[in-house]
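Trainee: Protein chains in written order, with the numbering used here: chain P, 56 to 373; chain R, 328 to 869.
One should not assume that every hint holds.
As the list claims (entries may be wrong) - Label-pair restraints from in silico Cβ distances: (1) R:E490 x P:D171: 41 to 47 Å; (2) P:Q330 x R:R533: 35 to 41 Å; (3) R:S464 x P:Q147: 33 to 39 Å; (4) R:R494 x P:P261: 58 to 64 Å; (5) P:P228 x R:H787: 35 to 41 Å.
Keep in mind that the hints were calculated from the coordinates and are not lab data.
No residue lacks a Cβ here, since even glycine has one placed at the ideal position from N, Cα and C.
Chain residues, written in single-letter form:
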Amino acid sequence: VSAGPENLDAAAALAGEYRAGGTDLQHRLRRRISSGPPIDLAAVPDLHGIGADETGAVRIGALTTIAALATEPKLAAYPALAQAAAALATPQIRAVGTLGGNLLQRNRCWYFRDPDTACFRKGGPSCPARDGNHLYHACFDRGPCIAVHPSTLAMTLLTYDATVEIAGRPARPVQDLYGDGSDPHRDHQLGAGEILTAVRMPAPMPNERAGYVRATSRALAEWPLVEAVVRLRIADGAIASAGVGLGGVAPVPLRCRAVEAALTGRPPSESVFAQAAALAAADARPLPMTGYKVGLIASTIVAALERAAQGWSSTARG
Amino acid sequence: LTVHVSTQAAAELSRLIGRRFGLHPDRVRVVAEHVGGGFGAKLTLTPETVAAITLARAARAPVRVALDRHDEMSVGGYRPGAALDVAMLVSRTGSLRALQLHADGDAGIAVGSQIAMQARLLYPAEAKDLLDYDVVSHLPPGAPFRGPGGPLMAWALEQAVDEAAHRLGDDPIALRRRWDPHPQRQRLYAWAEQLELWRSRPETGRETGRLRRGVGVAAANWLYFFQTDCELEVGIENRRLYVATAVQDIGTGIRSVLAQTVAAAFGAQPADVDVRLGDTVLARGPTSGSSRTSATLVPAALLAAVRLQQRLARELGQRQELREAHCDDAGIHHAGGLIAWPDALASAPDMAERARRPADDPSRSSAPPPLAGTGLIGWANTLLFRLLLKLGIGRGYTGAVHVAEVEVDTALGRTRVLRVAGGLAAGRIASPALARSQCCGGIIQGVGYALYEQRVNDPHDGRVLTAGLEDYRIPGIADAPEIALHFEQFGFAHVAGGGVGLSELSTLAVAASIGNAVHNATGWRPYDLPIRPDRLLAGLAS
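Work out the full structure, taking the sequences as your base and the hints as a guide.
Mentor: In structure tokens form, the structure reads like this:
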């Protein structure tokens, strides 16, 4: 990769595909799924750094590495973000992969990643996964493309009501990056020349408890069959507020508002968790091979809730 | 013609290339000094090699053909699948009366699967009905893969034995001790029964809660193979020992085995021996396959080393006018004392001796002749192997018993293998460190086979969807269990060096032991490989 542009205007003027950490792009270039050329953003200063403003909100530069999200003391008040970042991919990928790259990565559908197969996401006329092998695909069938959205951080930031900065535009909510999943041609909504510069986190919730769980066959380093992230604040023996994000199941990251509502005001108990988590898959429309994910959604959310409530001690209960 | 190629069979490949291109084998040099791995897919002359040679001859220039990962995983060969039906008739007294195993091999357009026939060798039964079919499809050809057919056969047979024990209310090891007459495996069963791992086995299906623990056992059998047409040279050059043969090291450690074997004969360290291999200008070496390299080359190396010692004793005896010179393990004895081998080497002229593999001494074995009791098929197979493949089958079977402990997450569907104990009987271990490494690899590969590895093809056009390591799952370090190994080093006194190969043996029963452990943990028996979360959750729900 040759030396990249040194400011946003220069970067926006170049034609090609932006390269952040490169963990996804390099692979797609090798597989001829990106025609490039890669435009390396590393030298653009606006994309780096983490800083808080007077309200306690935190701006995280898009090129902050995933490893930094997991360990950075300035982000300690966002434990769900740290847990989710620490659990994705491998140490090598977390060391070079970035926040912005993770949010804007392309999906992992094995048909999309096959250079010799046409599909909607590559401008083709159909989705070969739909009547092909879609064991790892969506159980929320929202549009012609059934690939699941791969970004663990997107799902996590949704639960924080985070906003994203796009160069030269006002900040907008994270979900605006993705739409509703009905457009089969896009993994995100940014157009040519648009650069995601930072994520803005709202002021932290005091005493946040966090739990992130991904269901996989291996212990580590595997794309989730289902993943869930949970943020809880527990006060006076009850859940004062809850945020629940869900991934690996739909073309876009999901936030489970019904689960959150069912948790709020209730005690953090096994039965409350099970009742609330059961609501998450109410709108699921599984494909022939993804029916197993429907049951797995509730189990994964319950496991994340249990992790978040862990240490909510018996003394606190009593 | 010089061909640099990643192969498991340098010497054999030079013959195949010669035949294909009308060249005398002496005019074809195959070089494969370092081979990253083989596992069975690199045993023959494959299209990419033919392409490189054809193009190079046409262009009169060197040509390199390299497959990228996607191509390699599409057409580079794969472990074939199969569907197996197994049935057992067990008498009221708990003895095995009849065994039926039918296998439909699925190797794409390739044929020749031999899965069910391997069940012939483990448990004697009054009646056996073992049938292998090939189901030919439009998919790319499969290839042999570590213990070809063996892990599949064990997955069916050893789970059936486990099920028999379960239904009889019998202990699975006690049942195998009654059914399995193999003397070394009998010792392994005794070892396994005493393991804390086995003694802590819960009662099947009694575990409750989200995480359920289970322990399973499975046994395996393999043949003692060696190659009949090989030669090996041991020599001295500039007062350093070397050993040379056109074998290739595919990660199995034959380099270390040879260095250690020759070094031990001369009271030297392995680092004092240069190992030359992977080049067909050297003495004809064996193919790396069927666990044959150590069993072929260790006896030849021992014999060549003795010949070299005798020659060195003669030459030094003449040169230094020693009286009554003769040699043994320690060095050259003569009327005036002893010249230890290191001292003898320090003043040795360049010389070399070659040896073929010496015949075994059947008087030192209580094992029946190879494939005894398998009738005409066994006899015919033995003959065909020897004539066509130069592959000898020696007396005695090798045996393995694996005990695995799993933890099943009944909420998220994940199976973790916590501990595996592997007991192996393949005679004396030529190189303990390499044997351990080999057998740990066999276990980790068995974990992958049981839980993760699956080649997925598009149902319409057959293209390989798992053409990268993101989609084709193999175990990572966090998936590797705690491993304990035990070697029963008996039973092969008739072989020079006392031991044979254990590569295939070390992986055959692992997946089956994990399947049995999952049954022990949950009461649900997995029939399909791999034991994916979706399958496990569906199984538990049914």
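Trainee: Each hint: holds or not?
Mentor: Okay, the hints, checked on the actual structure:
1. For the pair R:E490 and P:D171, the beta carbons lie near 44 Å from each other, so the given range of 41 to 47 Å is met.
2. The hint said 35 to 41 Å for the Cβ distance between P:Q330 and R:R533, and at roughly 29 Å that hint is violated.
3. With their beta carbons about 38 Å apart, R:S464 and P:Q147 fall inside the hinted range of 33 to 39 Å.
4. At roughly 59 Å, the beta-carbon separation of R:R494 and P:P261 lies within the given 58 to 64 Å, and the hint holds.
5. The hinted window of 35 to 41 Å between P:P228 and R:H787 holds, with their beta carbons roughly 40 Å apart.
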